[in-house]
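Asker: As given, the protein sequences belong to chains B and E, one line each in that order.
With numbering that gives the first Met the number 0 applied, the first sequence closes on residue 318, and no number is skipped along the way.
With numbering that gives the first Met the number 0 applied, the second sequence closes on residue 318, and no number is skipped along the way.
For the record, the hints were derived by calculation from the structure and aren't laboratory data.
Here the structure is a predicted model, which means the values were calculated and not measured.
Worth double-checking, as some hints may not be accurate.
[To be verified] Here's a subset of chain B near chain E, in silico, CB distances under 7 angstroms, partners left out:
1. Ser141
2. Gly157
3. Gly161
4. Ile165
5. His167
6. Val178
7. Ser181
8. Ala245
9. Asn267
In this text, a Cβ means the ideal position worked out from N, Cα and C, and glycines have one as well.
What follows is the residue order along each chain.
There are 2 protein chains.
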Amino acid sequence: MADVRYFLGIDVGGTKLAAGVVDNDGRLLCAERQPTQAALGPEIVLERLMAVCHAAIASSGVQLSQIVAAGIGCPGLIDSVQGLVDLPGNLPGWDRVPLAARVREALQMPAFLENDANAAAVGEHRFGAGRGAADMLYLTLSTGIGGGIIIDNQLYRGSTGGGGEIGHMSLRYDGRPCVCGSIGCFEAYASGTALAARAREALPTHPDSALAMVRELTAQAVVEAVRAGDALAKRVWDETMIALAAGLASLIHIFNPSRIVLGGGLTNAGELLFEPVRRHVRTRAIRPLAEACEIVPAQLGDNGGVLGAAAVGMARSPV
Amino acid sequence: MADVRYFLGIDVGGTKLAAGVVDNDGRLLCAERQPTQAALGPEIVLERLMAVCHAAIASSGVQLSQIVAAGIGCPGLIDSVQGLVDLPGNLPGWDRVPLAARVREALQMPAFLENDANAAAVGEHRFGAGRGAADMLYLTLSTGIGGGIIIDNQLYRGSTGGGGEIGHMSLRYDGRPCVCGSIGCFEAYASGTALAARAREALPTHPDSALAMVRELTAQAVVEAVRAGDALAKRVWDETMIALAAGLASLIHIFNPSRIVLGGGLTNAGELLFEPVRRHVRTRAIRPLAEACEIVPAQLGDNGGVLGAAAVGMARSPV
């Protein structure tokens with residue numbers, strides 16, 4: 000019997016902090032969560048994060064000395080070699096924070112940092128819907144669109160570690176402004192935020208829509224209205240699915256991947272999303288490339304962040 | 000002194016066939032060219048191609064037995080493992096032609112097939128403007144837009160060998176139809192053909208433009224009119240440069256490459272192209288990623304096809 004090895008997965012988000020102990024087969028022994036309270040700034044958040052890590056280790060029953068390494072997933076532009084986090088939109092004040100070094104010192108173990116979408120890609124590839132696909136893309140469809148690229152079974156980081164910003168490829172280069180400062184980015188058309196924005200913009204001309212009555216016009220509210228048969232919701236949903244499929248067709252032309260794994264809140268819509276997306280991709284992508292690529296839902300769900308971060312620690316630790 | 004090794008580079012195009020003998024330092028000993036006469040169909044073209052190859056070898060002074068391998072660059076969807084060419088738009092009747100096997104049998108040497116843009120990427124990476132860039136993209140801006148992706152010093156082919164179809168990423172997903180059957184592809188906005196089409200469409204409302212007088216409204220004619228100060232030409236050129244920069248910014252976000260090499264006829268415009276493209280990329284791309292990427296002209300010029308094909312033979316032959 001091969002030795003079991005343990006890793007700590009640390010998931011830093013704008014709204015919650017999570018940590019869990021994971022074994023090398025992807026079994027999550029336990030996970031602890033706390034609100035981030037990002038407004039308190041990086042020092043307080045780091046203190047809170049270490050408390051979450053210690054709590055996770057304590058409740059796992061695994062000794063600190065048995066844990067090989069920590070992996071950390073964090074939003075923002077990551078320097079994965081130096082282990083720095085730079086200016087994540089939802090973590091105010093994080094200006095070149097040496098997150099990997101801080102975790103390493105506090106927990107006395109090797110610690111490796113990746114962008115959160117990259118970590119989720121590594122997790123799905125190792126333990127989830129991406130298993131066995133040597134060339135795979137992972138996209139998280141949520142507030143924005145994050146991406147991770149697996150090439151030849153390895154995470155692709157690019158020349159300075161900033162690759163995989165799939166949400167910021169142009170989908171309509173003279174179109175909607177994007178939060179990143181550019182124009183017409185994929186996430187300005189096909190994220191949950193974009194879906195809700197489309198609905199909000201169309202409401203004044205569709206006062207009879209059920210969406211006129213909801214308190215907060217979120218992506219989730221649009222999905223519910225689509226299921227209830229609301230015409231406006233259906234229209235903006237269809238438009239969003241076409242934009243999403245156009246982006247996936249672009250990626251299929253560029254990467255010729257064998258699998259695209261979609262995760263994030265928007266994919267909770269299930270077949271309501273996957274059926275039209277697969278159909279539109281078939282009409283837009285070069286046939287043999289479209290046929291070579293499965294489009295499947297992520298499998299790791301709410302634990303994807305922690306499992307992905309642990310998988311990063313695993314991938315970067317010598318066996 | 001290390002032994003000199005020789006390779007045969009074979010460049011199959013819709014208008015011309017070329018072959019040349021290249022040594023392992025990228026010196027082209029000789030090159031032979033003939034018109035393709037593509038309308039005569041694959042069998043006649045293959046006969047003509049073998050004649051070009053034999054002529055190149057004869058005039059090189061190198062013995063057939065001294066040539067390690069042949070590399071072949073060819074348009075169309077390529078199965079680089081099986082060595083098949085499928086349905087290149089400009090080679091009518093080429094339906095799963097086993098081009099690598101035909102060359103291997105006729106010349107009695109190993110033969111390796113790649114898409115022509117992929118071969119040019121390998122050539123620029125090994126011998127030209129891409130030297131030393133481990134993560135590099137090559138784009139040819141011509142009738143269409145072809146692309147080749149170098150990752151970790153290797154050509155990236157994707158799961159079935161069809162990757163790198165950069166010209167068919169969406170730039171405006173609800174925009175111009177593309178020859179590929181999809182909508183709003185990069186090459187429908189930023190190729191030489193797209194430039195000429197923009198000018199042609201704008202002419203009726205600009206009868207005073209110098210372009211109204213040219214016999215054939217080509218990309219080259221537009222470039223000349225821009226240099227002569229024609230207002231319409233300048234407008235469509237500016238629009239095309241913005242589209243080109245938007246596509247490059249997308250690729251920078253996805254790949255975080257250290258270098259993008261641009262070749263093909265449109266780049267003969269020189270700084271008229273590179274200056275605005277670099278400027279627009281800086282305004283559209285995430286700053287650290289834009290700063291990490293040089294955008295430079297290809298260096299291999301008219302011999303890029305033959306040198307690239309030879310580099311493919313070299314890359315795929317055991318040392």
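Asker: Each hint needs a verdict: does it hold in this structure or not?
Answerer: Quick rundown of the hints versus the structure:
Evaluation of the B/Ser141 hint against chain E yields a violated restraint, the C-beta minimum of about 18 angstroms exceeding 7 angstroms. A distance limit of 7 angstroms between C-beta atoms decides the matter here; for B/Gly157 the minimum to chain E is near 3 angstroms, and the interface restraint holds. At its closest, the beta carbon of B/Gly161 sits 4 angstroms from a beta carbon of chain E; the interface hint therefore holds under the 7 angstroms criterion. Look at B/Ile165: its Cβ gets to within about 6 angstroms of chain E, closer than 7 angstroms, so that hint holds up.
A cut of 7 angstroms between beta carbons decides the hint on B/His167: the least distance to chain E is about 4 angstroms, and the hint holds. Taken as an interface hint, B/Val178 does not check out: its beta carbon lies about 11 angstroms from the nearest beta carbon of chain E, beyond 7 angstroms. With its C-beta approaching chain E no nearer than about 5 angstroms, B/Ser181 sits inside the 7 angstroms limit, and its interface hint holds. Interface hint at B/Ala245: satisfied, since its Cβ lies 4 angstroms from the closest Cβ of chain E, which is below the 7 angstroms cut-off.
A cut of 7 angstroms between beta carbons decides the hint on B/Asn267: the least distance to chain E is about 24 angstroms, and the hint is violated.
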